[in-house]
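2 protein chains.
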Amino acid sequence: MYSTSQLARRHLVGRPLRRLCLSTRSFSQLQSVTEADLAHFAKILPPSAILSTLSPSSVPSSELEPFNNDWMNKYHGKSTTVLKPRTTQEVSAIVKHCNERRIGIVPQGGNTGLVGGGVPVKDELIVSLANMTNVRSFDDASGILVADAGCILQSLSDYLAPQDHIVPLDLGAKGSCQIGGNVSTNAGGLRLLRYGSLHGSVLGLEVVLPDGTILDQLTTLRKDNTGYDLKQLFIGAEGTLGIVTGVSILTAPAPQASNNVMLALPTFDNVLPLYKAVKRQLSEILSAFEFIDRRAYDLAVKHGQGRALDDSEVEGAECFVLVETSGSSREHDEEKLNKLLESLMGSEPSLINTGVLATSPAQFSSLWAIREGLTEAMSKEGKAYKYDISVPLHKFKEVIDTTREHIKSRGLLREGAVRHVVGYGHVGDGNLHLNVVADAYTPEIEACLEPFVYELVSKYSGSISAEHGIGVMKTHALPYSKNAVSIDWMKKIKHLFDPNGIMNPGKVLEL
Amino acid sequence: MYSTSQLARRHLVGRPLRRLCLSTRSFSQLQSVTEADLAHFAKILPPSAILSTLSPSSVPSSELEPFNNDWMNKYHGKSTTVLKPRTTQEVSAIVKHCNERRIGIVPQGGNTGLVGGGVPVKDELIVSLANMTNVRSFDDASGILVADAGCILQSLSDYLAPQDHIVPLDLGAKGSCQIGGNVSTNAGGLRLLRYGSLHGSVLGLEVVLPDGTILDQLTTLRKDNTGYDLKQLFIGAEGTLGIVTGVSILTAPAPQASNNVMLALPTFDNVLPLYKAVKRQLSEILSAFEFIDRRAYDLAVKHGQGRALDDSEVEGAECFVLVETSGSSREHDEEKLNKLLESLMGSEPSLINTGVLATSPAQFSSLWAIREGLTEAMSKEGKAYKYDISVPLHKFKEVIDTTREHIKSRGLLREGAVRHVVGYGHVGDGNLHLNVVADAYTPEIEACLEPFVYELVSKYSGSISAEHGIGVMKTHALPYSKNAVSIDWMKKIKHLFDPNGIMNPGKVLEL
Numbered sequence: 001m002y003s004t005s006q007l008a009r010r011h012l013v014g015r016p017l018r019r020l021c022l023s024t025r026s027f028s029q030l031q032s033v034t035e036a037d038l039a040h041f042a043k044i045l046p047p048s049a050i051l052s053t054l055s056p057s058s059v060p061s062s063e064l065e066p067f068n069n070d071w072m073n074k075y076h077g078k079s080t081t082v083l084k085p086r087t088t089q090e091v092s093a094i095v096k097h098c099n100e101r102r103i104g105i106v107p108q109g110g111n112t113g114l115v116g117g118g119v120p121v122k123d124e125l126i127v128s129l130a131n132m133t134n135v136r137s138f139d140d141a142s143g144i145l146v147a148d149a150g151c152i153l154q155s156l157s158d159y160l161a162p163q164d165h166i167v168p169l170d171l172g173a174k175g176s177c178q179i180g181g182n183v184s185t186n187a188g189g190l191r192l193l194r195y196g197s198l199h200g201s202v203l204g205l206e207v208v209l210p211d212g213t214i215l216d217q218l219t220t221l222r223k224d225n226t227g228y229d230l231k232q233l234f235i236g237a238e239g240t241l242g243i244v245t246g247v248s249i250l251t252a253p254a255p256q257a258s259n260n261v262m263l264a265l266p267t268f269d270n271v272l273p274l275y276k277a278v279k280r281q282l283s284e285i286l287s288a289f290e291f292i293d294r295r296a297y298d299l300a301v302k303h304g305q306g307r308a309l310d311d312s313e314v315e316g317a318e319c320f321v322l323v324e325t326s327g328s329s330r331e332h333d334e335e336k337l338n339k340l341l342e343s344l345m346g347s348e349p350s351l352i353n354t355g356v357l358a359t360s361p362a363q364f365s366s367l368w369a370i371r372e373g374l375t376e377a378m379s380k381e382g383k384a385y386k387y388d389i390s391v392p393l394h395k396f397k398e399v400i401d402t403t404r405e406h407i408k409s410r411g412l413l414r415e416g417a418v419r420h421v422v423g424y425g426h427v428g429d430g431n432l433h434l435n436v437v438a439d440a441y442t443p444e445i446e447a448c449l450e451p452f453v454y455e456l457v458s459k460y461s462g463s464i465s466a467e468h469g470i471g472v473m474k475t476h477a478l479p480y481s482k483n484a485v486s487i488d489w490m491k492k493i494k495h496l497f498d499p500n501g502i503m504n505p506g507k508v509l510e511l
Numbered sequence: 001m002y003s004t005s006q007l008a009r010r011h012l013v014g015r016p017l018r019r020l021c022l023s024t025r026s027f028s029q030l031q032s033v034t035e036a037d038l039a040h041f042a043k044i045l046p047p048s049a050i051l052s053t054l055s056p057s058s059v060p061s062s063e064l065e066p067f068n069n070d071w072m073n074k075y076h077g078k079s080t081t082v083l084k085p086r087t088t089q090e091v092s093a094i095v096k097h098c099n100e101r102r103i104g105i106v107p108q109g110g111n112t113g114l115v116g117g118g119v120p121v122k123d124e125l126i127v128s129l130a131n132m133t134n135v136r137s138f139d140d141a142s143g144i145l146v147a148d149a150g151c152i153l154q155s156l157s158d159y160l161a162p163q164d165h166i167v168p169l170d171l172g173a174k175g176s177c178q179i180g181g182n183v184s185t186n187a188g189g190l191r192l193l194r195y196g197s198l199h200g201s202v203l204g205l206e207v208v209l210p211d212g213t214i215l216d217q218l219t220t221l222r223k224d225n226t227g228y229d230l231k232q233l234f235i236g237a238e239g240t241l242g243i244v245t246g247v248s249i250l251t252a253p254a255p256q257a258s259n260n261v262m263l264a265l266p267t268f269d270n271v272l273p274l275y276k277a278v279k280r281q282l283s284e285i286l287s288a289f290e291f292i293d294r295r296a297y298d299l300a301v302k303h304g305q306g307r308a309l310d311d312s313e314v315e316g317a318e319c320f321v322l323v324e325t326s327g328s329s330r331e332h333d334e335e336k337l338n339k340l341l342e343s344l345m346g347s348e349p350s351l352i353n354t355g356v357l358a359t360s361p362a363q364f365s366s367l368w369a370i371r372e373g374l375t376e377a378m379s380k381e382g383k384a385y386k387y388d389i390s391v392p393l394h395k396f397k398e399v400i401d402t403t404r405e406h407i408k409s410r411g412l413l414r415e416g417a418v419r420h421v422v423g424y425g426h427v428g429d430g431n432l433h434l435n436v437v438a439d440a441y442t443p444e445i446e447a448c449l450e451p452f453v454y455e456l457v458s459k460y461s462g463s464i465s466a467e468h469g470i471g472v473m474k475t476h477a478l479p480y481s482k483n484a485v486s487i488d489w490m491k492k493i494k495h496l497f498d499p500n501g502i503m504n505p506g507k508v509l510e511l
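Each protein sequence line maps, in turn, to chains A and B.
Under the UniProt record's numbering, the first residue of the first sequence carries the number 1, and numbering increases by one thereafter.
Under the UniProt record's numbering, the first residue of the second sequence carries the number 1, and numbering increases by one thereafter.
Derived from the structure by calculation, the hints contain no laboratory data.
This structure is a prediction, so every number in the text was calculated from the model and none was measured.
Just so you know, not all the hints are guaranteed correct.
[As the list claims (entries may be wrong)] Computed footprint of chain A on chain B; a stretch qualifies when at least three of its residues, placed anywhere within it, have a C-beta under 8 Å from a C-beta of chain A:
| no. | region |
| --- | --- |
| 1 | 227 to 235 |
| 2 | 278 to 286 |
| 3 | 464 to 470 |
All residues carry an ideal CB built from backbone N, CA and C; glycine is no exception.
Throw the hints in and build the complete structure from the sequences for me.
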């Protein structure tokens, strides 16, 4: 959806020494892949599934670059070897060997993550799921899909389309990301408001555990109360507890109609009353409620994103809300939307200044383009410090304003330093994207922002990572969102599943 | 929703010796509550929160009966002491003491379970959550409710009603069951098709772990990707990993309109095509799709449950389907329903023989009464062996027919033995209630049914307990739904959290 490259860079610049030391100490217990290991892997896999700079594979290291580096080119591993198993049994055999030999493993899906969770920290073995791409089954009555972890999200969408179903998940990275990676990172995305999180829609998983055991919980049941729901642990574990090889997921009937409307609000104070009114009136057809503050909107318009409202329409607007509906009847949905707009305009005082309803697919896309173009607008405007946080809805403005005031109090809200402090995000999900746009990344601004922002999030019992995960980037910041007892139990769980620490080492938990 | 008392009795009759031996051996490591313990608890709790046959509390044992026995009066504990803490800190102090003293604990909610999970096996201490009944917070914008575990489901519904929200969960036991118990048993119920499982709607939990530590993950965030989602382990753990003391849950906007229709189908083969058509046309307003086979329907009519369709309407019908919609506009919903009925009647050949649409609240209730009256009809007809199972939708009829054929092949489908083999259930959830109605419970019929039915469920990768859980009743049958690796990992998780085995001993996992 947007790049957090700048945030990543700051962390790499700001805190490398202590973390590298810790990593080195722990990584010293892990072994590098050797030619003997390669010989062993050659017994498990065909030559085409082994990519290594070591003999006898001996490919140039450039061939490993797409695997060693993330797509933002921020995180750089030094792995010598990538394996591309085709079956769960092959994954199991690889992992078993690595566990015996204490070789670190990085499970890799589409490598579209934003926090460095999918690339090696050092020279761990990369196990790519890219060759596991079979749809195992689909039941068009129940809507339950079972697929290999390596299936690309867009491929699954394409597979489901003629059968009138959709994956209950949509992401900007859908053309590259894999369903196994989506599950492992508990991807949120654009459909969460409507279809809920993967903890609800994933019905079963097949996972290769760090000792090579295959944990087969690939059921296709909506209801199954037979003991602990272990699969939940792997949803969002970012590959640190095992490698997800198969996914059973409840898909949704494809909506027959989608509509959207952009609303201009005189004040932020109206956002929550508006959200309540929209939820009450649109109820089951509401599929997005996106907040954009005025500064963010102006930057989008300035940089040519989407179709702007008329100047007269936005006069006096403090912020904007994009509402989307998805339903089974265009006529009904439009009637509900029109009725909503009438009641909003008719109320005294009105919650909104004005609203623009899309009346064609082109307008529909154009309204979305304003929201989706915000990232690009920020990057055209300057260097953006980005925070993907969850805070209670009524704190959205307070977080933005408090951060701005804080920057101002340090004398950094000025030309040559911070230009804008803006906010936008998924109100329905409580997910705020806080952006601090500066002329340049400077240690002074960074010191002003961190840990200030994390402390602010912590004060409101929020999340320092709403949807992007922890990866290698935010392990140090975990305590701002998780208390000591929780982190302690995360470590116990990690140790239980992976006592040798081979599985995606250095991710989620600091070593 | 219905009683499984007969099944319970069979198990108690059929397998007592081996299980009692195992239990005794393991329970021998647990200590009984003594007067010294009571003196310790008196330092933690006021006298009114301590109910014990021991001195100085010294109440008559009859006062403990409602806690020692389940509501079906099938499971009988011999606890001497019930504690009713008012705060999480009190729960923590109690548990800490019990862990040090190796006293077994049974966490008890509304005691409405069907598998004996909420009553002691021997003389464990009962910790009742009944005095923890505060709503801690409700945000009417996000719909997020935070409540003490002891809040009764109906009370929460009543609390939410004026705020136009509903708990995303509805059960027959709602007047007694508690939200903490609902979470601990991963209760399914009537709204699962629409609102999904508790794994999706529960956002946070506060849990007292078996060593007394308070695990505070009571967040109110829809999105929070900061590490392992530990709270999921406690959803459906039936109190064996800790005591849930607080719940954060996403509630849903209250629907403004509900409609239902009873459809008569010429053949079971039409159920799945019908389900697909209904899902496609009703989509976001579909809230129930209940299957009733002809024999079950006839028994309901025979015993005066609900409003029967006219004789002419049911002629030639092999089964029935009850469809319910819930939406935000009565007009729109009725239009969608009518359009659906027209298209169903108009298709050639028609998927349905006829359909009866409720046109008043009384008719709405009356159609539901047929479905909800099935349990009572079965018990009036004879002694019912009941199985609460999940199997793939297209296997519903096969499971019923195969079971009937099997009984027939053993010469038991006759007067004086088995009268009816019927099925009904939540098609939308894949949850089939298989009922074998006999003149009397006999070892011969039981031997014919078990493990036959469990093996059948296992063959279709189904669940031997779709919604009721394992409790003490089905621990022996767990392997039919969970493979050895999964059970092994359940044991490891249990041991990690509860190394002394004090927390709800003998439940979920055999000791």
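Verification of the hints:
no., hint, in the structure
1, 227 to 235, "holds (count 7)"
2, 278 to 286, "holds (count 7)"
3, 464 to 470, "holds (count 7)"
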